[in-house]
Amino acid sequence: MDKQVPNLATAVAEIESGSVVMIGGFGGAGAPIELIHALIDRFHATGAPKDLTVVNNNAGNGHVGLAALIEAGMVAKLICSFPRSADPVVFTTKYLAGEIALELVPQGTLAERIRAGGAGIPAFYTPTSFGTDLAKGKPTAMFDGREYVQERWLKADYALVKAELADPQGNLTYRAAARNFGPVMCMAARVAIVQARQVVPAGTIDPEAVVTPGIFVQRVVEVPHPAQEEDLNRAGAAYPLEA
Amino acid sequence: MQKLTNNQIAWRAAQDIADGAYVNLGIGFPEKVAQFQPPGRQAIFHTENGILNFGESPAPGTEDWDLINAGKRAVTLNAGASFFHHADSFAMVRGGHLDVAILGAYEVAENGDLANWSTGPKGVPAVGGAMDLVHGAKRVAVITDHVTKDGRPKLLQSCTLPLTGVGCVTRVYTSLAVVDVEGGRFVLREKLAGLSFDDLQSVTGATLHVVGDVIDLVVPEV
Chain A
1 MDKQVPNLAT
11 AVAEIESGSV
21 VMIGGFGGAG
31 APIELIHALI
41 DRFHATGAPK
51 DLTVVNNNAG
61 NGHVGLAALI
71 EAGMVAKLIC
81 SFPRSADPVV
91 FTTKYLAGEI
101 ALELVPQGTL
111 AERIRAGGAG
121 IPAFYTPTSF
131 GTDLAKGKPT
141 AMFDGREYVQ
151 ERWLKADYAL
161 VKAELADPQG
171 NLTYRAAARN
181 FGPVMCMAAR
191 VAIVQARQVV
201 PAGTIDPEAV
211 VTPGIFVQRV
221 VEVPHPAQEE
231 DLNRAGAAYP
241 LEA
Chain B
1 MQKLTNNQIA
11 WRAAQDIADG
21 AYVNLGIGFP
31 EKVAQFQPPG
41 RQAIFHTENG
51 ILNFGESPAP
61 GTEDWDLINA
71 GKRAVTLNAG
81 ASFFHHADSF
91 AMVRGGHLDV
101 AILGAYEVAE
111 NGDLANWSTG
121 PKGVPAVGGA
131 MDLVHGAKRV
141 AVITDHVTKD
151 GRPKLLQSCT
161 LPLTGVGCVT
171 RVYTSLAVVD
181 VEGGRFVLRE
191 KLAGLSFDDL
201 QSVTGATLHV
211 VGDVIDLVVP
221 EV
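Line order of the protein sequences matches chains A and B.
Letter by letter, the first sequence follows residues 1 to 243 of this note's numbering.
Letter by letter, the second sequence follows residues 1 to 222 of this note's numbering.
No wet-lab data here; the hints were simulated from the structure.
None of the values given here were measured: they were computed from a predicted structure.
Some clues are possibly wrong.
Below, simulated DSS-like cross-link-like pairs (lysine-lysine); rule was C-alpha separation at most 25 Å, straight line [stated by the list, open to error]:
1. 149/B x 122/B
2. 138/B x 32/B
3. 136/A x 122/B
4. 155/A x 136/A
5. 122/B x 138/A
6. 32/B x 3/B
7. 155/A x 138/A
8. 72/B x 94/A
9. 155/A x 77/A
10. 77/A x 72/B
11. 77/A x 122/B
12. 94/A x 122/B
13. 149/B x 32/B
14. 3/B x 149/B
15. 94/A x 50/A
16. 50/A x 155/A
With the rest of the complex left out, here is chain A:
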């Protein structure tokens, strides 16, 4: 079994227009910048994919990574909890112009909807958002004297996730708080595509240390020196990078 692919272009080659794509990261921590940029390269070369529904905690920052994906016009809808950041100009401009749809989800509900999608649980109840605008139109129920809101699972066609170590079977570790949504997004996607700083032989990662077991991962590509969103933004970078 070898899930490793030779390059980023191959890793993202099959993502179709109209796909639901979960993208890991919380701000810049865990953002799979190189996979996103490879998808933008494919779009500029072929016109696809577009009309994507993207699931991420935020809405991108500056003009790289997720913000660049939105700026390229590839995203029709964003499902997220906090579409603000230090510099969310790309999303804000498109949203206020009516050029991108937004589904706002409380952060814990977002994580749990994704986890439920990966765990085969079509709906669950939570007190989060009960009595607020974000619960409008959703079924409610009382359990043990308390009111709860029904939330549906969230699944994806693809997940783009950044890991620290991977092996060819797809076992993953993460680095510090870059873990965030990676493990649940790998579970909830039909095809989880992972960029890892290093791909090591099977057996190298201690089974006790595996965070995401390989059953949840379909593709692995090595990106030895991943860019960090904060560093790119501090340098004023925009993607595609000026020639």
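Given the coordinates of chain A, assemble chain B onto it according to the supplied hints.
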């Protein structure tokens, strides 16, 4: 009217956090509470993006951008820190494992309703983890100026802005007073010594009830 600074409000809130408590502080002003833990006590701070027991900010130039808090500011780790994914992080929040959440507020109602995520339909809405925190932590406290920048009460009979949660706030630390939410009403616990009850009531948008003694709110210069 004399009032507490934001640092002093944060100091007062910090005095009620027990040693070893698991605490989530909201983005911005509530983050200050961590600076004022009483000597001999150490809370364990949780950030929803997947760290327990994070510490102070690193020196400029030494940031690790994989080590950030919910406000996306760089942090460091204390001994005993741990990392976890987002579903586990919100299991800590929503499963009732946090002892205290301290949040900011636009408005608090006398039944404990909180509005702190949206000022209305203009602009881009963003909610983050606030709606999860208000229903998960064992105790949900608010720190806030007693009135808005243009002098209107923030403690009200009912909120006018979109709600974050229904009946969730248990204590409010303001620039003038400490007020508990009990049985659908505000109960005054502490107020600044130089402030009369009537003056405090006049800048409060709901009735302040007195049950037992009202203690002087005494806070050092911090």
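Hints, verified against the model:
1. 149/B x 122/B: holds, 19 Å
2. 138/B x 32/B: Roughly 21 Å separates the two Cα atoms, so the pair holds.
3. 136/A x 122/B: The given pair, whose Cα atoms are some 19 Å apart, holds under the 25 Å limit.
4. 155/A x 136/A: Holds - the C-alpha atoms of residue 136/A and residue 155/A are around 22 Å apart, at most 25 Å.
5. 122/B x 138/A: holds, 23 Å
6. 32/B x 3/B: holds, 18 Å
7. 155/A x 138/A: Distance ~18 Å between residue 155/A and residue 138/A Cα, so the pair holds.
8. 72/B x 94/A: Given pair residue 72/B, residue 94/A holds - Cα atoms ~23 Å apart, limit 25 Å.
9. 155/A x 77/A: Roughly 15 Å separates the two Cα atoms, so the pair holds.
10. 77/A x 72/B: holds, 24 Å
11. 77/A x 122/B: Satisfied, since the Cα-Cα distance of roughly 19 Å is no more than 25 Å.
12. 94/A x 122/B: holds, 14 Å
13. 149/B x 32/B: holds, 20 Å
14. 3/B x 149/B: holds, 13 Å
15. 94/A x 50/A: With a Cα-Cα distance of about 15 Å, the restraint between residue 94/A and residue 50/A holds, given a limit of 25 Å.
16. 50/A x 155/A: Given pair residue 50/A, residue 155/A holds - Cα atoms ~19 Å apart, limit 25 Å.
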